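Student: Residue numbers (my numbering): 58 to 643.
Treat the hints with care, since some could be wrong.
Simulated DEER-style distance windows between Cβ atoms [unchecked claim]:
1) K325 to R280: 19 to 29 Å
2) A255 to S296: 31 to 41 Å
3) L607 to S296: 30 to 40 Å
4) S392 to G311: 20 to 30 Å
5) K325 to L197: 26 to 36 Å
6) R524 to T256: 43 to 53 Å
7) G75 to T256: 23 to 33 Å
8) T307 to T442: 51 to 61 Å
9) V393 to E174: 25 to 35 Å
10) S392 to T256: 43 to 53 Å
Hint data in this document are derived by calculation from the structure and do not stem from the laboratory. Nothing here was measured: the structure is a model prediction, and the numbers come from that model. Quick reminder that beta carbons are idealized off the backbone N, C-alpha and C, glycines included.
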Amino acid sequence: MTYLFNQPSAFASELIEGFVAANADKVRQVPGGVVRSTRSPAGCVAVVIGGGSGHYPAFSGLVGQGMAHGAAMGNLFASPSAQQIYNVARAADNGGGVLLAFGNYAGDVLHFGQASERLKAEGIDCELLAVTDDISSAALSEREKRRGVAGDLAVFKAAAAAAEAGYSLAEVTRLARHANHRTRSLGVAFSGCTLPGATQPLFSVAHGTMALGMGIHGEPGIRECDIPAADTLAELFVSSLLKECPEEITQRKGQRVAAILNGLGSVKYEELFVVYRRVAQLLSAEGLQVVEPEVGEFVTSFNMAGASLTLMWLDDELETLWRAPANAPAFRKGSVLMAEPLDAAEQILAEVDVVPTASAASQQAATCVLSVVTTIAEVIEEHATELGRIDAVAGDGDHGIGMERGSRGALEKAREMQQRQAGAGTLLCRAADAWADKAGGTSGALWGVLLTAIGTALGDVKTPNARRVALGVQHAKEGIMHFGKAKPGDKTMVDVLVPFSECLSARVAAGDTLTEAWAAAAEQATKSAKETAQLLPKMGRARPLAEKSLGTPDAGAVSLALIVNKVLVQLQASAPATLSLQEVSQ
58 MTYLFNQPSA
68 FASELIEGFV
78 AANADKVRQV
88 PGGVVRSTRS
98 PAGCVAVVIG
108 GGSGHYPAFS
118 GLVGQGMAHG
128 AAMGNLFASP
138 SAQQIYNVAR
148 AADNGGGVLL
158 AFGNYAGDVL
168 HFGQASERLK
178 AEGIDCELLA
188 VTDDISSAAL
198 SEREKRRGVA
208 GDLAVFKAAA
218 AAAEAGYSLA
228 EVTRLARHAN
238 HRTRSLGVAF
248 SGCTLPGATQ
258 PLFSVAHGTM
268 ALGMGIHGEP
278 GIRECDIPAA
288 DTLAELFVSS
298 LLKECPEEIT
308 QRKGQRVAAI
318 LNGLGSVKYE
328 ELFVVYRRVA
338 QLLSAEGLQV
348 VEPEVGEFVT
358 SFNMAGASLT
368 LMWLDDELET
378 LWRAPANAPA
388 FRKGSVLMAE
398 PLDAAEQILA
408 EVDVVPTASA
418 ASQQAATCVL
428 SVVTTIAEVI
438 EEHATELGRI
448 DAVAGDGDHG
458 IGMERGSRGA
468 LEKAREMQQR
478 QAGAGTLLCR
488 AADAWADKAG
498 GTSGALWGVL
508 LTAIGTALGD
518 VKTPNARRVA
528 LGVQHAKEGI
538 MHFGKAKPGD
548 KTMVDVLVPF
558 SECLSARVAA
568 GDTLTEAWAA
578 AAEQATKSAK
588 ETAQLLPKMG
598 RARPLAEKSL
608 GTPDAGAVSL
618 ALIVNKVLVQ
628 LQASAPATLS
638 LQEVSQ
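Sequences are here, hints too, so could you generate the full structure?
Tutor: Dropping the structure here:
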């Protein structure tokens, strides 16, 4: 369990504040995360990494000379928002472009992708790299679907060392992808972790057993078995990883590798050394030469009990980058010439927060939009626990919590915008940013896209009408399918959003009022949400346990159906909604 915390909701922000206070010679805090507090050469590439908090030393502990230039930090186990990533990248930019590197999780892919597009739109060259080292999370033939775990360290180190050496963005990206191609990891877990304020573990492993391949957020592994002796675990690690030797390496004898034995949170260093003793013996017996091995905590899962082994198959380029000196709070190698600290004035980021001028009609409409956002927050708060239960059947159970955080954040921002006389479009777009920022994760990103699309269609000049709302929903559907890559039949919110949008547009085109069209579309949404119970998930964390979810609807689809039905009640200005969660989800 977690012993030391104040308010659980403030844990992530307070840990960043304390981390920066303890490492001010290396890092400084910016909105969304941390960046170096030392001067980098003008024109050098900035490597910006990131992900959810709760994985220290990843990601903030890996910011410093020879390592990353910045780290975007989301809430506990939740992706940082696109706004957070953008803020960190803009602060870290040295004029040579930005490489955004992250683990291959749906929320991270969405948010880092959105931040990249925004940076490019502002003239900052940007490339993306998703680390895919976890061999247990997908077959070799589907490497692009694999998760990023402790191999993050090897890939981030290669990219950062290349940037430190003055390579171009194209070369830094090439070498980072090369490192990712040659990196493999496998992990095990003996118990789950308990987040601050929680009374039960976020995920669990049966007592006396070991989950082979469990992910760092509790994603399901390959199988469970009895906890083995340390030597047996080492043999399992090594034999599994050697089966995935990169295809271009035809001769193992004399081949150089970097090895990382990683503790996931509560396995002690002494235990790791016992395991590494046998790992080293086995690698040597295979004729492999281990270069500067690392044993310790590098990518954790809060207080989860577990460990992982990573191998990066080196060549001359990668070995040079792996050996290069570094000086970050949680990772030091060799000796660096200390960089000059930034002046106080250079550490201040100019923030622009101007509310665009809106017409009187749009300001009046913004009051109605605020009522809709309030309604959404209310229905999510009412059903958050049950949404989490549905999500936990095959996922990690955080959907309800994430939606609650997001909708509350959106409501707070919408109220602020209404007080500042924003138009309907700006109010909804700023609420969308707040939703994505507070919720994190995949659902946060998707709802950010959805609300932004509708807000953009509404604008700040004209009074919203049925056609504009339907167009906004259509653009939301297109945006979510573009960024999220899901399609109908994948068992996601898209299975509700597509039929809802199509029905809404068709009824509006036929001459229905917004309320009439929305009522028909909401009915279709309810039906479609129920039908997801018969689908098998093909996206996200539920995919590995697809069969387990059969008979249970998708949590994202259910929450969308609940919301559109609750909004219908708002449009009809009638009595409180009578539609229950059970009616949607059963």
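Student: Are the hints correct? Go through all of them and say.
Tutor: Now for the hints, and whether the structure bears them out:
In this structure the supplied range 19 to 29 Å holds for K325 paired with R280, their Cβ-Cβ distance being about 25 Å. Between A255 and S296 the Cβ separation comes to about 36 Å, which falls inside the hinted range of 31 to 41 Å. Here the CB-CB span from L607 to S296 is close to 33 Å, well matched to the stated 30 to 40 Å. In this structure the supplied range 20 to 30 Å holds for S392 paired with G311, their Cβ-Cβ distance being about 29 Å.
Between K325 and L197 the beta carbons are some 33 Å apart, a value that agrees with the proposed interval 26 to 36 Å. Taking 43 to 53 Å as the suggested C-beta distance range, the pair R524 and T256 conforms, at roughly 49 Å. Look at G75 against T256: about 25 Å separates their beta carbons, and that is inside 23 to 33 Å. Between T307 and T442 the C-beta distance comes to about 55 Å, which sits within the given range of 51 to 61 Å.
The hinted range of 25 to 35 Å is satisfied by V393 and E174, whose Cβ atoms lie roughly 34 Å apart. With their beta carbons about 47 Å apart, S392 and T256 fall inside the hinted range of 43 to 53 Å.
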